[in-house]
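Protein chains in written order, with the working numbering: chain G, 1 to 191; chain X, 192 to 707; chain Y, 708 to 808; chain W, 809 to 1446.
Calculated directly from the structure, the hints in this document are not laboratory data. Hints may be right or wrong, so weigh each one.
To be verified - List time: in silico DSS-like cross-link candidates among lysine-lysine, alpha-carbon distance up to 25 Å:
id	chain 1	residue 1	chain 2	residue 2
1	W	K1363	W	K1345
2	W	K1363	W	K1377
3	X	K487	W	K968
4	W	K1363	X	K487
5	W	K968	X	K628
6	X	K620	W	K1377
7	W	K1377	X	K487
8	W	K1259	W	K1324
9	X	K619	W	K1363
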Amino acid sequence: MFEAVAFYLFAFLTIAMFFITVTTSQALYALSALAAGMIFISAFFFILGADFLGAVQIIVYTGAVMALYAFGMMFFDTTREVKEKKGNKFIIVGLATLCAVIIVAIFAAPIVSDNMLSLYPALEGAGNTQSVGLVLFTKYLIPFEVAAIMLLVAMVAGIVLAGKKMDLSLTLLNAEEIEKMDEEINKKVLS
Amino acid sequence: MLDHILSILIFFPALAGVMGFMIDKGSIRAYGVAVAFVEFALSLWLWFAFDSNVSGMQFMENIALIPSFGINYILGVDGISLFIIILAAFFTMIGIASLTETKNEKNMIITLLFLEMTMIGVFSALDAIVFYVFWELSLVPMLYIIGAWGGPMRIYASVKFFLYTFAGSLVMLVGMLFMAYFFYQATGTWSFAILDWYRLILPESFQLWLFAAFFVGFAIKVPMFPFHTWLPYAHGQAPTIGSVILAAILLKMGTYAFIRFSLPLFPDASVFFMYPIAVIAIIMIIYTAMVAYAQKDVKQVVAYSSVSHMGVIILGTFALNVEGITGSVFLMIAHGVVSGALFLLVGVIYDRRHTKLMSEFGGLAHVMPRYATIFGIMLMASVGMPLTINFVGEFLSLLGFYEQSHILTLLAGIAIVVGAIYMLTAYKKMFFGEVTKDENRNLPDVNKRELIALIPLAIITIWLGVYPKPVLEPINNSVEAVVQLMHNKSTTEEAKSRIPNVSGVVISKTSTREAH
Amino acid sequence: MEIGLNHYLILSTILFAIGLVGVMRRKNLLLLFFATEILLNSVNIAFAAISHYYGDLTGQMFAFFVIAIAASEIAVGLGLLIVWYKRHGNIDLESMTSMRG
Amino acid sequence: MEKYLYIALFAPLVSSMFSALFTNTPKKQFVGIIASLLIFSAFVSSSILLTHILDGGDIVHVEMMTWMATGNLYIPFGFVVDQISVTMMMVVTLVSTIVHIYSIGYMDHDKGFNRFFAWLSAFVFSMMILVMSDNFAGLFIGWEGVGLCSWGLIGFWFHKEVATWAANEAFIMNRIADLGMLIGIFLVYWNTGSLQYDIAFPAMAHLDSATLTWMGIFLFIGAMGKSAQFPLHTWLADAMEGPTPVSALIHAATMVTAGVYLVIRSNELYDLIPHVGLFIASLGAFVALFAASMALVNRDMKRIIAYSTLSQLGYMFAAAGLGAYWVALFHLMAHAFFKALLFLGAGNVMHAMHDELDPFKMGGLKKVMKGTWIMMTIASLALAGIFPFAGFFSKDTILEAAFAEHHMVIYGVLLFTAGLTAFYSFRLVALIFHGEERYKIFGIHPHEAYKFMLIAMSPLLFLAMIAGIFQTPFFEMVEEILGATEYHIHSHATLLIMLVGTQMFVGLAILYAYKKYASWSSVPDGSSVIENSFIYKLLYNQYYIPYGYEEYIVKPYNELSAALWEVDKKVVDASVDGIASIFYSAGENTRDMQSGNLSTMLKWMVVGTVVLLSLAVVFGLAARYSGEIMSILSGLGV
C-alpha cells in the first residue's frame, strides 16, 4: 500500500516536472524542473531496491550534470525567453502520444505481459550496493573500465572544446585588447 | 610455381600495378608492356602445362578464407576458362602496347593492370564468393576508364554501366546465397565452392527461381535484350582501350558464367528456359543487327554488332549439347578477338580524325590501303566468313542449336544475312567511293605501333579459323564433362531427352583416317 | 493494490513520450539536451524496474552505464555547444542547416 | 597423284598470296606473269589428274588435317578428285589460266593491277576448294570464299558507287541463299551424323522422304543464290560492274555454276526426291525463258551476256532437275568455254570503245576488230547451239532429255528459249560488228586488243568449236558416278525431225536478228513505238523486279532499322532510364526531409520509431494469429 502511494505520488511529480521542462519558455525553470524530476526519479530507484543506482542518480544527475548545465547556461544568454518553433503542435504531441500508446499496448498485450510476469518473481536483497559492486567489478569490469575511459575522454573533450582561450581573463585585459578580440571573433563569425 | 600459377596470374598484375605508382611517368609504358608481356607469357605457360585430355579442373588451389561458412579461395582452370584467361592477358598486352597518346598514361596503365587481375580472377575462381568479388571488382577499373578518359557523356555512360551491371549482380548474389543455403540444408555444411554445388541436385521449382536470379546478373552483363542499352553508351563514350577490353573480355563474363553456373547447376531449369532464352537471343541477333544498320557512328555499329554476336553465343550455350556449347565457348574467344580488333581499328581512325561518324569518311581505301585491308579481314571475320575464327564458333553454335529447334535456328541464321548487311554497308560508307572530304586526303596509314596490335589479331583470326583444333579440343573435353554432368543431374524427362548423354556415344573424333 | 512491472513500464513510456515532445518542439539546443536527458532517464526507470522484477542486476548495470554515457554526452555536447555559440552567437537549431541534403 | 592434287589446290593460293604482297606497290608486270604461271601449273596438274581418272585410275582422296572436331562432329580438310570434281577442276583451271593471261593485257593500265591478281587467284583457290572438297563444310568454305572474292572483284573499282553497291548486293543476296545452304548442312549433319559425302549420301537412303525433301530444298536454296536463280537473280546483272575478265571467269564460267555443281554433287539425294527435282527443272526452265526475255531488249552488252548466262544456268538446272546430271555437267563445261570467250570478246570491245557498253552506239566494228569479231561470232553460234559447235551437243542433249522424260512443257519452254537465245546473241553481234559505224558520232577510235590476249583466248575458241566431240568420252567417264542414262529418242525419225527442226528454228532466229539489226543505223532515243510498248518497258526494266526489291525490301528495311533504333532509344533505353528517374525524383522529392534542420530530422526520427513499432505490433499479431489468418485467406480462395 505504501509502495503504491509512493509510486503514484512520485509518478505524478516526475511527470509534472518533466512536463514543465519541455513546455516552459524560461530556461531556468526548465533547468530547475529537470533537476527536481531527476531527484524524483531516484525515488523510484529506492522503491525498486536499487539503492546504489538511486544514489548515483542523485549524485551524477542532480549533482554533476545539473551543475554542468548550470555552468553551461552561464555562457548563453538565458535571460530572454526561449523562442519556440512554429509548427503544428498537434503533430508533435500526437506523434509522441502515438508512440507511447503503441509501447504501452505492446507491454500491456497479454502475450508480452504474461510472459514477463509469470516468469520471474521479485527477489529480495538484490540491488544492494554490495551485490552491485560484486557484479560491476567481476562481470562488467571491462565495460566499467571502458566507461571510465570514456568519461575521461569526454572530460578532456569538454575542456578542450569549451576551454579555448580560457587562459585569458577578461578582468585582466584592458579595454583595447578586449575590443581587438571581439573584432577577431566577429571576423571569424563573418568568415 | 606451377601449383600456384593461377594465383600468380591473378595477383602479379595487381602487384605490378601497385609498383607502377613508383615508376617514372616516362617509362611507365615500357613497364606496363613488360608486365603485360610477362603475364601473357605466364598464361601461355599455363596453356603449355595444361593437359588438354583432362576434362576437369586443373591447377587447383584451395585456401580457407571463412571455413565456418564454407568460403574458400578456390581457383582452377579447365578448357572453358583457359582460353579466355589467355585472351584477357593477350588483350591487356596489346592494349597497353598500342595505347595512343593519352593524358595520365600512368593511371591508365595501372588501371588496366588492375582490370587484368579482376578479369583473370573471374575466370579462374571456383568459389562463388571469390567469383562474385572479382566480378564486382572488375566494374571499378572499367568505371574509372570510361569515367576518366571517355567522351563528352562519359559520366552518364559510366554511371549507367556501373549501376546497370551492379544491380544485376546483386540479384545474382542473392541467388548465390540461396544456393549456399540450399546446399547447407541438403548437406549440413556451408559451401560456396562451385564444384560442391555441382553435386547438388535441386528440385525443379527451386532451380527455376535460382536460375532466374542468376540469369538477371548474367544477362545484364552479356548484355541480353532488353538489358543491352548500357552497352552502346559505354562503348560510345569509352576510350578505345576501354571498348576493346569491354567487348573482348568483360562481356564474356556473362556468357562464361552461364556455362559455369547456370547450365550445370540448374539443368532442368536450363531446359525449361531454353526456348524463351533462345527467343530473346534471336531478338538480340536480328533486332540489334538492324539497329546497327541504322547507326551513323561506326563505333556504335561495332557495339551493336557485338550484342548481335553475343546472341549467337547465348544460342549456342542453350543448345545444351556438346557441339553448341563448344561452339559458343569458341565464339566467345572469336568474338573477343574480332570485336576487340574492330574497336582497335575504329580507334585508329578516331585518333586521326577525331570523329567516328561514317559520313565524315569515304574513300579511305585510297588513302589508307593497309588499314582498309586489315579492316576488311576483320569485317569478313565478323560476318562469319569460313576460315576465319568467327565462322567456327558461329557454325558450331548454330549447328548445335539446330538439334533443339529447326525454325529458331533458321531465324537465328538470319544473323549471317543481317550481319553482312550492316557490316558491308558500314565498310562501303567508310572505305569505298571517292575521297570526298579534304581532311581525309592526307591521312597517314596505320603506323608500326598500331600494326603491333593488329597484325597478331589478324594472324589469330586466320590461324584459328583454319586450324581451330588446339583450342577446340580442350574446350570440347571440358564441355563434354559439363554436358555429361547436366545429363546425370537432370531430373525431368524432358531434360534427360534434351541433354545428350555423352558417355553413351562413341566418340569418333580420332577416326582411322586421322591416324595416318 | 500491487505495483507491478507494467506500472513502471507505463510510467517510463509516458516520460519517454514527454521527452519526445521536447525533442520535437524545442528549438534551443540546450533545452533539447534537457529533453534527451528525460528520454534517458525514462529508460533508466524501465531498466531498474525490469532488473527488480526479474531479480537480475544486469538491468541496473545498464542503467548505470546509461548514466555514464549521459554524463559524457553532456560534457562533450556542452563543449560543442559552447564552441558553436562562440562562433554564431546563438544555439538555435534553425541556424544549423549545413547538413542540408 | 596426291602431289598433283595439292599443286592444283594450292598453286592458286600461292599465286594469290604472292600477288597480295604487292598490292600496295605500283603495277608490276611480273606479278601477272607469275600468277598466270602458277594457275597454269594448277591447270597442268588438273590435266594430269584428268588423264589419271580417264585411264580408270582410282579416285584420289586425301585428308589433309582436322578442321573442326567436337562432340560427334568431325570435319576434316578432305579433298577428293573424282569424275565430277576433275571436270570442274579442268573447267576452272583452264578458264582461269586464260583469264589470268588475258587480264595481263586487260588490266594493263589499271592502278590495282597487282591487287586484281591477288583477288583473282584467291577466287580460283576458293573455287578449287569448292569443287574438290569431300564434305559439305569444305564445300561451304569454298562457297563463301567465292562469294567473298566475287565481292572483292565486283567492287574492284571501289571508287565507283555502282560497283560497290553491286558488290554488296551480290554478297548479301548470296548470304540469304547461304543461310538456306547452312540449314541444309545442319539437316544433313543431324540426320546422317556426318558431313562427309561418302558417309552422308549413303545414309540418306534410310531417311524418310519429308526430311530428304527439306534437305533438298534448303541445299537448293543455297544453289539458287550462287547460281542466281529466280528470285535471287538480280545481283548477277548488277555484278557486271566488275572488270570484264571477272565477269568471264566468275559470273559466266565458274562461280555461278557452283549451284549446278552442288545439285550434281548431291545427285544421290535428288534421286531420292524426284518431286524436288521436278521443281528444280521447272524453275530452271522458267529462268531460262525469263532471263532470255530480258536479254532481248537490253542495251548493255555485258548485261545481255549476263542474262544469257542466267538463261543457260536455267538449262543446266532443268537438266539436273530431270536427273540428267551428266548432261548438266557437260553443258556446264561447254557453256564455260563459249561464255568465257564471249565475255572476253566483249572485254575487247569495251576496251576498244573506251568502256562504252551500249551496242547501239557501236556498229561496224568488224573492220577494225577482225579477231574479236570471229571469236564472238563463233561463241554466239556455239551459244545458239548450231551444229557442230559445242552448244549443239550440250544443249540439244538437254532438250532430248526433257523430251525423253516426257516433260513436254519444259521441253517446249526450253526449245522456245533456244530460239530467243539465238536471236539476242546475234542481235548483239549484229549491232556491234555490222552495220554503220555509229561510234563515230561519239568520237571514239577503236583498236584491236593486244595480240597475246587474242592468242590467250584461242584455246577457248578452239574448245567452243570442238567441245562436242568430248561428249562420248565424257559420258563414259562420269557414268559410273552419276549413274547416268543416255538420253536417246528411240525413234530415229523423231530424233532427226527434232534435230533438224531445232536447227532450223534457231537458224531462222539468227537470220531474223541479222535482218533486223545488221543494218541498224541510228541510236534509239526512246521515241520509237516499240520502245514505248508495255512489253518492251517491262522487259527493259527487268520486270520491275529490281525496282520492287528496292521499293519493297530495301527501303522498308532501312525504315524499319531506323525505327528500331528509335525504339531502342525511346522505349528500351528510356524505360531503364525511367526506372532510374523514379528513384531520382523520389530522392529529389524527399530531400526536403533532409532540410538540415535538426528538429525536422528529429521529427522524422520519431515518425520512423512509430512506424517500426507499429510494424512490430503487426508482425507480432500476425505471428500470433498466423493460423487464423491462413484459414481466413484460404477461405477467401487465395
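Cross-check of the supplied hints:
no. : hint              : in the structure
1   : W:K1363 / W:K1345 : holds (23 Å)
2   : W:K1363 / W:K1377 : holds (21 Å)
3   : X:K487 / W:K968   : holds (22 Å)
4   : W:K1363 / X:K487  : holds (17 Å)
5   : W:K968 / X:K628   : holds (16 Å)
6   : X:K620 / W:K1377  : holds (23 Å)
7   : W:K1377 / X:K487  : holds (14 Å)
8   : W:K1259 / W:K1324 : violated (32 Å)
9   : X:K619 / W:K1363  : holds (18 Å)
Checked against the numbered hints above, the structure breaks only hint 8 and satisfies the rest.
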